[in-house]
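Using the sequences and the accompanying hints, generate a full structural model.
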Amino acid sequence: MTDAELEALVGLIGQARHVVIGTAADPVSRADGERIAAAWGGLVLATVTWPESAASWLRQARRFAAPEPDIWMVSATPAGWAGMTRRLRMSTSWSPGRTVVTAALANFRLPGVRGAWADGTTWED
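At position 85 of the sequence shown (counting the first as 1) the number is 85 in the UniProt record's numbering, and the numbers step up by one without a gap.
Honestly, I wouldn't trust all of these hints.
To be verified - Across the chosen pairs, the derived CB separations fall in these ranges:
(1) GLN15 to TRP123: 17 to 23 angstroms
(2) GLY14 to ALA46: 16 to 22 angstroms
(3) TRP123 to ARG86: 20 to 26 angstroms
(4) GLU68 to ALA39: 22 to 28 angstroms
(5) TRP123 to ARG89: 19 to 25 angstroms
(6) ARG17 to ALA54: 26 to 32 angstroms
(7) GLU7 to ARG89: 29 to 35 angstroms
(8) ASP3 to PRO51: 26 to 32 angstroms
(9) SER56 to LEU110: 15 to 21 angstroms
(10) LEU58 to ASP119: 32 to 38 angstroms
(11) LEU58 to THR121: 31 to 37 angstroms
(12) GLY120 to ARG59: 31 to 37 angstroms
(13) ALA55 to ALA118: 29 to 35 angstroms
(14) ARG62 to GLY42: 21 to 27 angstroms
For the record, the hints were derived by calculation from the structure and aren't laboratory data. For glycine and all other residues, C-beta sits at the position ideal for the given N, C-alpha and C.
Here's what the structure looks like:
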């Protein structure tokens, strides 16, 4: 993650009171999640990590959605995020409209999700 992307993501989180951070299990996604939490500096209700593939992602989806944060922040790979979003939509109160994602997921679009490109520009679906 570039410094420009990090700054843009923190801007998208804005004045949220609290967030939940979700990451893929790979080292890059986890490190990016930690950088975002540190740069934002607010209350992180939970950090949830999920694998690239799983039987159902139900346990991770429930942990991710249960705290009902102002913002869900995601740093993941497209494969793992695809599985999580299917489970989140089927089994939780998760809202794409309160979700911010890193550039790694910029081509995995969902209505309402916001994100930042590596150059610091932002997008919203």
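Evaluated hints:
1. In this structure the supplied range 17 to 23 angstroms holds for GLN15 paired with TRP123, their Cβ-Cβ distance being about 20 angstroms.
2. Range check, GLY14 to ALA46: Cβ separation about 19 angstroms, and the 16 to 22 angstroms hint holds.
3. Between TRP123 and ARG86, the C-beta spacing of about 22 angstroms keeps the proposed range 20 to 26 angstroms intact.
4. Distance hint check for GLU68 and ALA39: the Cβ-Cβ separation is about 23 angstroms, which falls inside the suggested range of 22 to 28 angstroms.
5. Between TRP123 and ARG89 the beta carbons are some 21 angstroms apart, a value that agrees with the proposed interval 19 to 25 angstroms.
6. Take ARG17 and ALA54: their Cβ atoms lie about 30 angstroms apart, and the range 26 to 32 angstroms holds.
7. Between GLU7 and ARG89 the beta carbon distance is about 30 angstroms. The supplied range of 29 to 35 angstroms therefore holds.
8. Hint check: ASP3 to PRO51, Cβ distance near 29 angstroms, so the stated range 26 to 32 angstroms holds.
9. Checked against the given bound of 15 to 21 angstroms, the beta carbons of SER56 and LEU110, roughly 19 angstroms apart, stay inside it.
10. The supplied range of 32 to 38 angstroms is met by LEU58 and ASP119, whose beta-carbon atoms lie about 36 angstroms from each other.
11. LEU58 and THR121 have their C-beta atoms about 35 angstroms apart, which keeps the hinted 31 to 37 angstroms range intact.
12. A C-beta distance of roughly 35 angstroms is found between GLY120 and ARG59, which places it inside the suggested range of 31 to 37 angstroms.
13. At about 33 angstroms, the beta-carbon gap between ALA55 and ALA118 stays in the expected band of 29 to 35 angstroms.
14. The supplied range of 21 to 27 angstroms is met by ARG62 and GLY42, whose beta-carbon atoms lie about 23 angstroms from each other.
Of the numbered hints given earlier, the model fails none.
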